[in-house]
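Please assemble the complex out of the two chains, which come individually in their own frames, going by the hints.
Just so you know, the protein sequences line up as chains A and B, in that order. Under this note's numbering, the first residue of the first sequence is numbered 7, with each subsequent residue one higher. Under this note's numbering, the first residue of the second sequence is numbered 49, with each subsequent residue one higher.
Calculated directly from the structure, the hints in this document are not laboratory data. Any given hint could be a false lead.
[To be verified] Calculated cross-link-like contacts (lysine-lysine; reagent style DSSO-like; alpha-carbon spacing at most 30 Å):
| no. | chain 1 | residue 1 | chain 2 | residue 2 |
| --- | --- | --- | --- | --- |
| 1 | A | Lys71 | B | Lys53 |
| 2 | B | Lys141 | B | Lys53 |
| 3 | A | Lys729 | B | Lys95 |
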Amino acid sequence: MPNTISRRDFLKLGGAALGALTASQFIPPAVAKAAHTNGMLDATNSGYIPSMCEMCVWRCGLLAKVEDGRVVKLEGNPEHPHSNGKLCPRGQSGLMNTYDPDRVLTPLIRVGKRGEGLFRIASWEEALDLVAKNMLDIKQKFGAEAMIFSSTHNLSQVQFENLLNAFGSPNYGTQRSLCFNAMIVANLMTYGMEEPDRKYDTLKYIILTGRNLMEAISTSETSALSKAIDRGAKVVTLDPRFTKTAAKSAEWLPIRPGTDLAFHLAMLNIIIKERLYNAVFVSNNTNGFEKLSSAIGAYTPDWAAVITGIPSDIIQRIAREFAEAAPYALAHNGWRTSNFVNSFQTERAIAILNALVGNWGTALFPAAGEESGVLGAPPQPPYPRVSAERLDGVPSKYPFVPLKIGVFQELREAVLSGQPYQAHGWFIARQNPAMSLPDRGRTLQAFGKMDFIATIDIIMNDTSWYSDVVLPEASYLERYDPLLPVGDKAYIRQPVIEAQGEGKSALWIYKELGTRLGLGDYFQYTDEEDYLNQQLAPLGVSLEQVRKQGYAELPGETAEFPELDWNTPSGKIEIFSTTLDRGGFPGVPQWEEPPAPKDGEFYLLTGKVAQFTQFGTQNNQLLHKYADEPRLWMNAQTAKSLGLSSDDDVEVASSAGKIHIKLLATQAIRPDCVYLTPGYGHLSKGLTTAYGWGASDSDLHITYTDPVSGGQALSQTFVTVKKL
Amino acid sequence: MTEIKNKAFLFDDTRCIDCRACMVACSVENKIDMNKTRIWVAGIGLKGLFPNLTRASMVYHCMHCNAPDCLSACPVGAYIKREDGPVLYDKKKCIGCRYCMNACPFGVPHFDYDKGLIEGAFIDKCTFCPQRIDIGLEPACVATCPTGALVFGERADLIKEAHARIQTHPDRYVNQVYGEFENGGTTYLILSHVPFTELGLPDVGSRPIKDVSEQVMGLTIPVALGWGAVLTGTAVAVHLVNQKKGAATKKAEEEVPEEAVK
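Chain B extracted, bound-state conformation (with noise of 0.2 Å):
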């Protein structure tokens, strides 16, 4: 296998076939909790009245962009985007302050609700595989896809196959590669059939976030450490409330598109 530099997923909604091999290779391979997934299913489902009816999938995970607004957000450092393309997190020197889940545009990164201070590991997110990618392999979610639907390979090579299936197949698929220059460029390529908001992702401009939100998060640290003591304190209540909450959200489900045509 010849080095990738730069190393993205290009993710084909025309071929996902739901059926979600990904998520449970996920799950195994990064030894996920029972009642947690770094994959997920958004924005998906029927669209129509029977008979003229249309199927959307989308498999969403951490978008790995170019210029992660997540890393940008964190007051401690806890994230580093690697040269060759994964967006990585440390989970030791996570504070929890969750500034990288309202920075993020694709809402990535999720909280812990079921774990304590003490317990640590606050955020999780998808971390590319880099136990498998940095000896040749490919991620688990890509490497038992058997549709194709998600391939892994040099950025510049997935953006040209990725025009290259809608020259071929122009009536197939919406003309736009999204990722390519959204946010600043993802790593995560994505095709669809349908308007890309259809599967749930933001319609971000191609300037990162980050570059405005850089200018405010200056101000970040010295604000953050003058009121460590009062976040400390409120910390465990915080926590307590959102636990409850957690367990109150909801997946996307087939029934909510189809409320959305009536």
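So here's chain A without its partners, still in its complex pose (with noise of 0.2 Å):
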């Protein structure tokens, strides 16, 4: 009987840290009393506060139970339409990340060589002088533009912006290259929107192509599938992998990688030789219909099977069934969609798939968006002219591609490069591009062509032990950032206890940072409850009212399903692209061949499992406790034909680099992949429990930009197998 977690030995793994917890149950350590109570806590600061989740970017509702100061349970907030009341692993271990004995709780300043871990104590003072000294002197040496901005999606992201564009830097990071550019893009081209909302209310048919949604969870999209499930609705899931998601699926097709597309075009030619699209919505809300008519005949399901892997006779019955079904059926649009070459192909074939059958107002619904004009903003004077190019190439390079979203290995790329200049400081938060960026050894180099590095972080993140200045950030529980809008409604994030160490929020560092760089007017907030009370102003509602509610209820935005308006230059759903034609690509999506990988070698697959989140929390104790070791899957027949067997050690290598690793073999996957749960094999000895666990497939993966999307190709990178 299981009576312990013994597959993995604690104490041999964890540094003095680990060993000390594991040794005595859980116990917070005191913070002082909670911030101002307002009723939500009694005499003996006890009780429950609402609050949003960070552990991932789906921004579940909370209620934080704090008992004599201290949060000792995290329960989902039923008031909240991303949590309903529920809490997926990741959000009922947030409060390991609060308490997590790593956390850097003050100002470090690099001693040592970088990469070598030695940081001195510094005071707020000091750290912040010294950022901005060395932000303004690269400013004055080699303009604005040599400073690199990154960040990656958060609530305060917002000040984070207005601090790099009121420095005059173009260059901005974000890590959505890495994930859905290909999604995105394609829904712009095609809808005019980034992404549509989806409903799984009435929905009958569902094929999930590249979203995993039972391990990559999203509480409520999760848990609305599950219901749809239930309910009796037929999920079709396409993956080279026997998914969590796979498993509940009425098919699971195992589709050779790359050829979604394949698979989707077929579809699309079946429906419109068998007339089985929704003419009526065709002609009011599409243009070039025609052109894809005739376009699309080549792409038979017989041609498709070849490629695929799926029979001939299956894809026909699902395009008929998905007819069937509709308007009450979903293609879904796949989260991390950046996988190859030919993925924003992919990305537009679903949408054009979805519009043909008349999806829309049904499983698909214009996005309610996270900005809202209703609420208010301080004050501030235009940001300054920016005329240099950026480096990541858009628009140059990726006319398409949105500024805010951008390309973010080609920004690697172009600091390694030096061109078309040299970059010479990189200014990090929340975000680890050590681990992120496809190819490490590459991004470790960049580091190295900077003059200066700083980044902030809650932990001791692998490119914080790679930085000059190391800021500490109070935890999610520890500080507000700005009201986050959701249909009619205005979520808070706030302090569920007083910020431990020296941790401050992102909206006080900014500010501070700005003021030392002689950006304080583009910052007029005192502190954040007067930026909060800034953004409540319009609507009448007082601070204290929303802490304790945990929203602003917001005027006017209730429509049950507001009037289909596609923001692109026909008005319509664009299944031709005129941008796109006009930019010298396919105006409607066309077969383009991967590479794939040669005799030995395997496509190396990469996907979320469900305690983690990238790679921001394996060092979360109650995480790591609970996660299964990190292994490499191998189809069992093809380990068997190599002589390997489960926890044999392997070498994996690419022509970026190499990893050693256990294997499992496993009937799980198809025999020409292998796979690796990603966000493993950190760098920074700072994180104790994380640190030599697995290995990183960032190690292996090749740098390959799609030229359309500017999503990194993931799952582009061949591997080789051999035992150690």
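Below, the structure is given as structure tokens:
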């Protein structure tokens, strides 16, 4: 009987801090009594405080249970549409991020060589002065554009963007090109919006391509899919792996990687040839149908069967079932969609497929978005004009990629090449390019080109490990962020306990740094509460009320089904895109053959597990406790033929690098693929729980950018595997 | 919330995505040691050969039997069965004899090999979160389950609900609600799409083992008292040996069921 989690030996793995923790039960250290309690906490500082999770980007509402000024439990907030009272394992573990013994709780200044991990404690005054001095020196010597700013999708990003725009640098890196550029750019080209909302209540048929909802959990959407399955909706999953989502699907199609496009082109072929589309919706809402009709003839199911490995009759049947179920059908556009050179075309085909059968208004809805014109904002002067070109080639090389999204991997390439100019400084907030960008060796080389690197995080992440200054942020349970509008409400993230050590909110850090850079006029708020008060001013609601309730009602945004309004050049859903056509790209989706592994090579697949968000949560002790040991999945028959078996130590090599890891021989993957859970193989020894555990996919991934969407083709890396 | 007189869980394997939110929630709520757990997964995994595969997952914790064998096996009365369902355990009374571990047909109570005689608290198991259910909250594992694989409610209602699910989707379920009668009825009820033995559940009859064991266990206390001195003397040595044994216990992992199909 498993009375211990003995598959891993904590003491052997962890450092001193972890060893100390395993010896006793988890008791959160006392912190100062919770900030203004506002009637939520009683005389003993106990009670529930509504706030928002930050363990991934889904932003579930939570209720933090506080006892004597400590967070002791997190619950899903039943009043928040992203959680509906539930939290996933990451959300449940959130308090261990706050109480992580590896928290960085003071500003740090590097004293050893970069990557040596030697820092000294500094005051905020000294650390901020040092960051500002270096940024100003770089600006003076090389121009503002020599400073790179990068940060990952978070609630304070609006003020991060404010800082970089005020500073005057065009060089902005987000993680999105490593994730879903293909989907976003395809939706923009087709529907004129980044990502439509999806609803599952009435769906009868769902095709999942690149959306492993049962492992890459988005609480409300995962729960909605699960309910749809209970109700009897049919789910078809295309995935080279038998994921936990595939296991819940009525049909699993282990498609050959890189060929989802061929499958969807054949779906379009059948639906058009057999006139299964919604002619009324097509004629009212789309343009270019005829161009697609004449181009689609070649993409027969027989043709697709050879490419995808899915039999022709199955493709035909699914096309007919899908059209039959429409408009209560959904071809999901996926999430981490930038996998192959043809992923942009795949995303276009999926978008068009949903339009042809008229799934709008039943499965797809105009996105409510996270920006609201209703909320107020601090006043600020106009930004300086920026004339320098962006290092990532947007828009000169990548005209269709939104500036706010960018092409992160190309930014790094430009740092290495020094073209069109050399960058000298990098300011990074809550982001870890040392783990996220493909080909880690090149990222570390790029760090080497920097005169100065500063990072903001709550722990010593791998990029901080290579930084000159590390600024400690307060955790999401310890700070305010700007209010987040979702539909007809704006939700609050608020401190449920006082910040430990000297952790500060991003709002505070950007303002303090901005002021030192001579940009104080851009940060006209006295503190976090003043910032939120300015946001709330037009609503006539008090911050106290919002803090207690967890949200503010927004006026006039409650339309059940807003007018369909396609923000495209033609004002319609663009089956044929004139924008793409003029840019020299196919106006309707067309087949592009992706590269394939040579004999003896495998496709390298990555994909999420329910316990981890990218590379940011591996150091959470609770998640570490319940996650499986990371191993390289290989088809059991293939492994046998190579003389390999589970738990063998293997070397996995690509042209970018090699890693050592244990093997898992399993039936749950195609024979031509191997799979690696991403986010392991940390470099920072400041992460005592995660360090030394697993290996990094980033050591293997080859940098390849899709010329249309700027997406990094993450599955276009081929590897060899041999026994050590 | 109306008062629930006979509290119970319903677990539906077809809804479980093995995300482990329940395990984390339990760990946090009950302040479980970082190297221990009250919920685990057992008998789970893949079956079949590529590409014809199925996967089952089972959240395993105390069944809170209507007629608990642990309780009848305990020589010192450390267990109680609450009228509304939970089987609770009083660590202050426990002498560490581990009879309950042998008695439980589901292998639920587990011994804390990390703790010595002086520290006490030998046995640990799921408590049904009395601190939550007594104030109208769901147990921590149920409250967070994102897919509704775990639900909480009145036992009779849940049995009805379980049969209704089987009737609606007879193709999806084994036509049985495990725990309705098993071992005299349990308050943890289980629906599955694979035979229950594949979830790691024992094929127990409907007569509680307790009925059989109580005939024998009547002798336990006099015998135990007689041997008391000997037991105490050997307990320290046993504890040291067991500490090492405990580290060797293995959790069921993916490849185990796969080896079974080869």
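**Message:** Checking each numbered hint in turn, tell me which of them this model violates, lowest number first.
**Reply:** Failing hints: none at all.
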